[in-house]
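Protein chains: 2
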Amino acid sequence: MARAWCLTSRPEGLPTAAHFALRDMPERSLEEGEIRVRNRWLSVDPYMRGRMNAGKSYVEPFGIDAPMTGGAAGEVTESRHPGFAVGDKVLHMGGWRDEAIVDKALTPVKLPDSDVPLESFLHAMGLTGATAWIGLLKVAQAQAGDRVFVSAAAGAVGSIAVQIAKAKGMTVIGSAGGAEKCAWVKALGADAVIDYRAGPVLDQLRQATRDIDGRIDVYFDNVGGDHLDAALACSTKDARFAICGMIGGYNDANPLALHFSRMIIVNRIRIAGFLYSDHLADLPAFQADMGAMLKSGDVTPRHTIFDGLEQAPDAFLGLFSGANMGKMLIKL
Amino acid sequence: MARAWCLTSRPEGLPTAAHFALRDMPERSLEEGEIRVRNRWLSVDPYMRGRMNAGKSYVEPFGIDAPMTGGAAGEVTESRHPGFAVGDKVLHMGGWRDEAIVDKALTPVKLPDSDVPLESFLHAMGLTGATAWIGLLKVAQAQAGDRVFVSAAAGAVGSIAVQIAKAKGMTVIGSAGGAEKCAWVKALGADAVIDYRAGPVLDQLRQATRDIDGRIDVYFDNVGGDHLDAALACSTKDARFAICGMIGGYNDANPLALHFSRMIIVNRIRIAGFLYSDHLADLPAFQADMGAMLKSGDVTPRHTIFDGLEQAPDAFLGLFSGANMGKMLIKL
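Protein sequence lines correspond, in order, to chains A and B. Residue numbering for the first sequence follows full-length UniProt numbering, beginning at 1 and increasing consecutively. Residue numbering for the second sequence follows full-length UniProt numbering, beginning at 1 and increasing consecutively.
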């Protein structure tokens, strides 16, 4: 019997285990155009928190008592779709479950036969990798020689952004929480690292910009909050900020407080929110470039793996306590 | 004897009369390259508040006990510069004084013989008009059909921005403080007006977007604070925000508090701080377009005039209490 995690009620603030229930799904035969997929890897991502609210976000809210959706990779076990055969490896949005009936709405994509591991399509070669690449190179238009600040640099998107920036000849400051993560960000090539748990971000970022001998040209924001404020304070003229996420505020009703908003004018800063899905035309260029960087070793993805469907909510909640280094994945 | 207003100490928060002193200037003969100008009109502008601080802004701080500078228009009374003759009308930065010795650093520009009144070069045909035009059309790239929100719409820059937007076929919401100013903004052609003194900006802006039957494509920000937050809340996808000023925060040590920062990502908003001086290449196009709009009556500039050099600090302080409709000027 296939099982799926359902949202049972809408959380306020940080969700708990009580907001989720693992339910048996009714068995049924496929309709025309559908495929049945045995999932092998599931993705949990911070943006899913927004889908747990009723209000508008950039994707539709999850339904109550319906299976949640999310990135997943697996193998076709049955097909009534001419484009997919049994045994094909597919990437699709029917996550949060061990077996999924996938129709067009869940956007199945057949994966190439290659030596790229299946789980890479949920990270470096997938949504998180593309988000890092598009945000850094297309939205912020970062170039060789730029000084780049990446927050949540030990996270899924941040750790790839750091490595792309180094591969392209930029100077990088990364922020992460705790000594172990900071050591890893440094090992990824960051020129300076700040530990946001060790003291005020502003003071540490000021010191880091002195260490790299220059203020910030580009900020890749995964956090919002005090990181965004500090980045404004330490910006240089014509700085570009790509706003990818504001995980610091997803569970928090407090407003974003900016003491350095005047720097937006002083330094003519351009701030742009972006979503991966608005840049689909850039995906072929991304795939070629990322494929080469993975092959050369310029980008080395890392995964934090939770075992078994039962652990999916814990893995998701771990995103907000910083439990992951690199990409958080669930292995089935 | 020529007199000039000097800054005597650096204010914290709102300046008072005690921070300024009107002093006699030592008489001296001109050096090569200088002109002597009898000022007729002086400009006071919100950006000057930033120059009263010691810290970095986009222009150098005013010196202590030295004459302040600022936009001024007058007539040449003596010249040791081959490009200027006695009787020429000039625009320059030797403001805050009745007579100025103007060298290259004060950027004198000879004004054309025309029927444009001298004071217009301190407003619609000058810095404030160009700021409105560049911010709206170049930075925010507003186009016919866009729904545009302009804060401080009864102010110098805002009142011109409203009129440009209407002349170019946009729908406009303007905000102003008090019934008299709101009535004027409506008379300028705004489709909806909100009075920020009459209630929360957020509630009123939500109502205004219902009144014009659509959310905001463009926000021209002169205010920051609750206006910026409300504009985020009422934005539509791919909205563009031109950040011209944040007068609400110039005298305020409190941080900018944004409850709707997530909309930057949800709506992929592009926010850009800008300065007139970064867009000098656009000035000929501005002058031609604004000249035509003044002639046709599409743009009707308005001035709030204080009489006499003695009143310059009161005129400046009046900017922060909303004493001006249109451009605040001092007539000598």
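It should be emphasised that the hints constitute simulated quantities derived from the structure, not laboratory data. There may be inaccurate statements among the hints.
Copies of the same chain are indistinguishable here, so a pair counts whether it falls within one copy or spans any two.
What the hints assert, rightly or not - Quick list of in silico lysine to any residue cross-link-like pairs, SDA-like style, CA-CA up to 20 Å: (1) K138 x R270; (2) K168 x R215; (3) K331 x T171; (4) K331 x D314; (5) K237 x R270; (6) K138 x R268; (7) K186 x T107; (8) K168 x R80; (9) K138 x D238; (10) K166 x K331; (11) K237 x A281; (12) K331 x D115; (13) K89 x A187; (14) K237 x C6; (15) K331 x D226.
Hints versus structure:
1. K138 x R270: For K138 and R270, both the intra-copy (13 Å) and inter-copy (14 Å) Cα distances are at most 20 Å.
2. K168 x R215: This pair counts as within: shortest intra-copy Cα distance 19 Å, inter-copy 39 Å.
3. K331 x T171: neither (35 Å within a copy, 53 Å between copies)
4. K331 x D314: The answer is within: 13 Å in one copy meets 20 Å, while 70 Å across copies does not.
5. K237 x R270: Answer is both; intra-copy 10 Å and inter-copy 17 Å each pass.
6. K138 x R268: For K138 and R268, the Cα distance is within 20 Å both inside one copy (19 Å) and across copies (14 Å).
7. K186 x T107: Neither way: K186 and T107 sit 37 Å apart in one copy and 49 Å across, limit 20 Å.
8. K168 x R80: neither (44 Å within a copy, 54 Å between copies)
9. K138 x D238: both (16 Å within a copy, 16 Å between copies)
10. K166 x K331: neither (30 Å within a copy, 58 Å between copies)
11. K237 x A281: Classified as between: cross-chain Cα gap 19 Å, same-chain 30 Å, threshold 20 Å.
12. K331 x D115: within (19 Å within a copy, 78 Å between copies)
13. K89 x A187: neither (33 Å within a copy, 64 Å between copies)
14. K237 x C6: neither (47 Å within a copy, 30 Å between copies)
15. K331 x D226: Classified as neither; 34 Å inside a copy, 46 Å across copies.
In terms of the numbered hints stated before, the structure departs from hints 3, 7, 8, 10, 13, 14, 15, listed from lowest to highest.
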